[in-house]
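Residue strings, one per chain:
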Amino acid sequence: MQIHWREIIRRPLVTEKSSYLVELYNQYSFVVDSRSNKMQVKQAVELAWPDVTVEKVRVANMPAKRARRWRSITVRKSGWKKAVVTLSPGDSIDLFEGV
Amino acid sequence: MTLNIHTEENEQRELKLTIEVDEKRVEKAMRQTARKLGREINVPGFRRGKVPYNVILRRVGKETLRAETIDEMVQPIFEEAMEEVAPEVYGRSTFDDMEIEPLVLKFTIPLAPKVDLGDYRELRKEIEPVNITDEAVTEALEQVQTRHQQIESVDRPAAAGDLVTLSGRGELIWEEDDDEDEDEDIEKEGEETSAESDDDTAADDDDDYNDVIFDEENIDLPLDPDELYLGAPFINEIIGLSAGDDKAFTITFPEDFHEKELAGRDADFEISVLDVKERELPALDDELAKLEGDYETLDELRAALREQLEKQAEAEAKNELIEGMIDDMLEKAEIVYPPAAVEAEIDEMIASYKDQVTRSGWEWDDFVKLQGNSEEAIRDNFRESAIERLERQQILRQFILDERLTVEEEDVDAAIKKRLEDFDDNDEFKESMRKYFNSGYGFDMISSEVIMDKTHDRMTAILTGNAPDLEALAAAEEAAADEEE
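Protein chains in written order, with the working numbering: chain F, 1 to 99; chain A, 1001 to 1485.
Simulated from the structure, these hints should not be mistaken for laboratory data. Heads up, a few of these hints could be off.
[Said to hold, decoys possible] In silico lysine-lysine, DSS-like type, Cα no more than 27 Å apart, as pairs:
id : chain 1 : residue 1 : chain 2 : residue 2
1  : A       : K1050     : F       : K82
2  : F       : K81       : A       : K1050
3  : A       : K1024     : A       : K1036
4  : A       : K1418     : F       : K17
5  : A       : K1418     : A       : K1369
6  : F       : K77       : A       : K1050
[To be verified] Residues from chain F that face chain A, not an exhaustive set, calculated with beta carbons under 10 Å:
id : residue
7  : T15
8  : S19
9  : S72
10 : R76
11 : D91
12 : D94
[Stated by the list, open to error] Pair ranges (Cβ atoms, derived):
id : chain 1 : residue 1 : chain 2 : residue 2 : range
13 : F       : Q43       : A       : D1096     : 55 to 65 Å
14 : A       : V1074     : F       : H4        : 49 to 59 Å
15 : A       : V1074     : F       : Y25       : 38 to 48 Å
16 : F       : W70       : A       : T1358     : 53 to 63 Å
17 : A       : K1050     : F       : R66       : 49 to 59 Å
18 : F       : E46       : A       : V1074     : 42 to 52 Å
19 : A       : D1096     : F       : T53       : 34 to 44 Å
20 : A       : K1050     : F       : H4        : 45 to 55 Å
21 : F       : E46       : A       : D1022     : 34 to 44 Å
22 : F       : K17       : A       : D1022     : 27 to 37 Å
A virtual CB, placed ideally from N, CA and C, is assigned to each residue, including glycine.
Same shape as in the complex, but just chain F:
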């Protein structure tokens, strides 16, 4: 399916866990379009940050969750796709840009 590369990467995922991944394995996490696949993520990352090389992409579909709003009304939080991108050693991305 054709999705423009700019629409593939929704936003970087900045959490404690993702911070450790950056530090230890040079892996960067993103929230990506649920319809995208590994190849598209790889292309999108390389287009967005031209001077990095993507070595590997892992994706995972994060499950939808129930969230409570107000007291008892439950709302469904939709699921999303997470992509963990491993860059070749020495490459780096400033993840927090535009957050």
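Knowing the structure of chain F, use the given hints to seat chain A on it.
This is chain A only, laid out in the frame that chain F set:
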């Protein structure tokens, strides 16, 4: 070393302190601040306190973080720099300016005043010995007599010097209409009456109170213009009256009357004399001496009075000599002090003034308002005397330093001993006094007394040209120090 310190003294005894702080140190402090902040703020995706530095930096912004960090750094850095430079600080240091990146802090530190006394040792002055005249002693004796006077009712017309008991009323007359009382609301202070006596039973009729200058029942008045505030014209009217007499009269207060409100005014009085009393002074004899205290004979009393007067006069002369010498030195001396020293002096004066005001039952803020003043204005009022105080103080200090005057332990001991001589029969009291003088406030007091005594002695020596050579003094001091080692 992480601080790069420049100091520069200006001509007003102020030290301009410029501190450049190493960037590494700032960075380290910023990380610390960020960590502290991380414990307080919520960042989604992170547990509290686990937020990495970069994330925080993004979130709060670099500028904010830096500013916050520097806020906290200023004080410790200042203290550190002061320790390194170790100037003699005098008064409050001020923070002038800073540059954020790289971090440069600028302070102004007031330094201890510099005093050059000049050739004060050339000052000469005739010192007049304290002289107590016989008249002064006689006067003192008269006071003793008055203290022991006998008062007795007599059945005769009042004469000058008597004590007269009377009741009555006196009112000022207004020039426009000689009709007394009724309605007059022209402003006129009522202080004269209210200030006069406590046993005034205050006739509170609706008469215009402001015109009443005298309204008393059963009051004893001395018929002596020096003692009675109503003065000679009033007394002259009373003289000659006997107990039971009533009299209405009008007097005119002289133009130069000490009570300005009354000067040149006319007043009506209506009084009745209740009693005439004679004041009988005891004879000047040995009996009086015994009455007065531990004296056997009149001569003894006289000698004691003379001694007392001499002591007083000596203390006064001593003070005068010191103050006078300071005046003279002030003319010769060159004093350089930072403006902050004056401010500090004013602070001190304000504090003691404030203390006075609060002790008399005022709220400081109310008091200031009542005066129609601001604290700023009060400060300005104090400025001149603060400068004088500061200068005199510095002169005295420098004099003591230059003359190598010191307070030694044995000096203090001697001074305490002298003080305690008078209480020779009360050992317990003596012991507690000794303790008092050997610690804290008492010690300060006695040592300042000692140093002032020494100052006086040395000043006297200088003024009469008998001062010891300073170099010789220094040499002797060194020798003594060597000996101790």
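Verification of the hints:
1. Restraint check for A/K1050 and F/K82: satisfied, since their Cα atoms lie roughly 22 Å apart, inside the 27 Å limit.
2. This hinted pair checks out: F/K81 and A/K1050 have alpha carbons roughly 25 Å apart, not beyond 27 Å.
3. Distance check on the hinted pair: A/K1024 and A/K1036 sit about 19 Å apart at the alpha-carbon level, within 27 Å; holds.
4. At most 27 Å may separate the alpha-carbon atoms for a hinted pair to count; A/K1418 and F/K17 exceed this at roughly 83 Å.
5. In summary, the hint linking A/K1418 to A/K1369 is not supported, as the alpha carbons are separated by about 49 Å, beyond the 27 Å threshold.
6. For the suggested pair F/K77 and A/K1050, the alpha carbons sit about 26 Å apart, so the restraint of at most 27 Å is met.
7. Annotation: interface hint on F/T15 holds; nearest CB of chain A at approximately 3 Å, less than 10 Å.
8. Interface hint at F/S19: satisfied, since its Cβ lies 5 Å from the closest Cβ of chain A, which is below the 10 Å cut-off.
9. Taken as an interface hint, F/S72 does not check out: its beta carbon lies about 24 Å from the nearest beta carbon of chain A, beyond 10 Å.
10. At about 19 Å, the closest approach between the beta carbon of F/R76 and any beta carbon in chain A exceeds 10 Å, and the interface hint on this residue is violated.
11. Look at F/D91: its Cβ only gets to about 17 Å from chain A, farther than 10 Å, so that hint breaks.
12. Evaluation of the F/D94 hint against chain A yields a held restraint, the C-beta minimum of about 9 Å falling below 10 Å.
13. Taking the beta carbon of each, F/Q43 and A/D1096 are about 58 Å apart, inside 55 to 65 Å as hinted.
14. With their beta carbons about 52 Å apart, A/V1074 and F/H4 fall inside the hinted range of 49 to 59 Å.
15. In this structure, A/V1074 and F/Y25 meet the distance hint of 38 to 48 Å, their C-beta atoms being roughly 42 Å apart.
16. In this structure, F/W70 and A/T1358 meet the distance hint of 53 to 63 Å, their C-beta atoms being roughly 57 Å apart.
17. Evaluation of the 49 to 59 Å hint for A/K1050 and F/R66 yields a failure: the beta carbon distance comes to about 26 Å.
18. Taken as a hint, the range 42 to 52 Å holds for the pair F/E46 and A/V1074, whose Cβ atoms sit roughly 48 Å apart.
19. For A/D1096 paired with F/T53, a C-beta distance near 53 Å fails the hint of 34 to 44 Å.
20. Between A/K1050 and F/H4 the C-beta distance comes to about 36 Å, which lies outside the given range of 45 to 55 Å.
21. For the pair F/E46 and A/D1022, the supplied restraint of 34 to 44 Å holds, since their beta-carbon distance comes to about 41 Å.
22. Against the hinted window of 27 to 37 Å, the Cβ-Cβ separation of F/K17 and A/D1022 comes to about 35 Å, which satisfies the hint.
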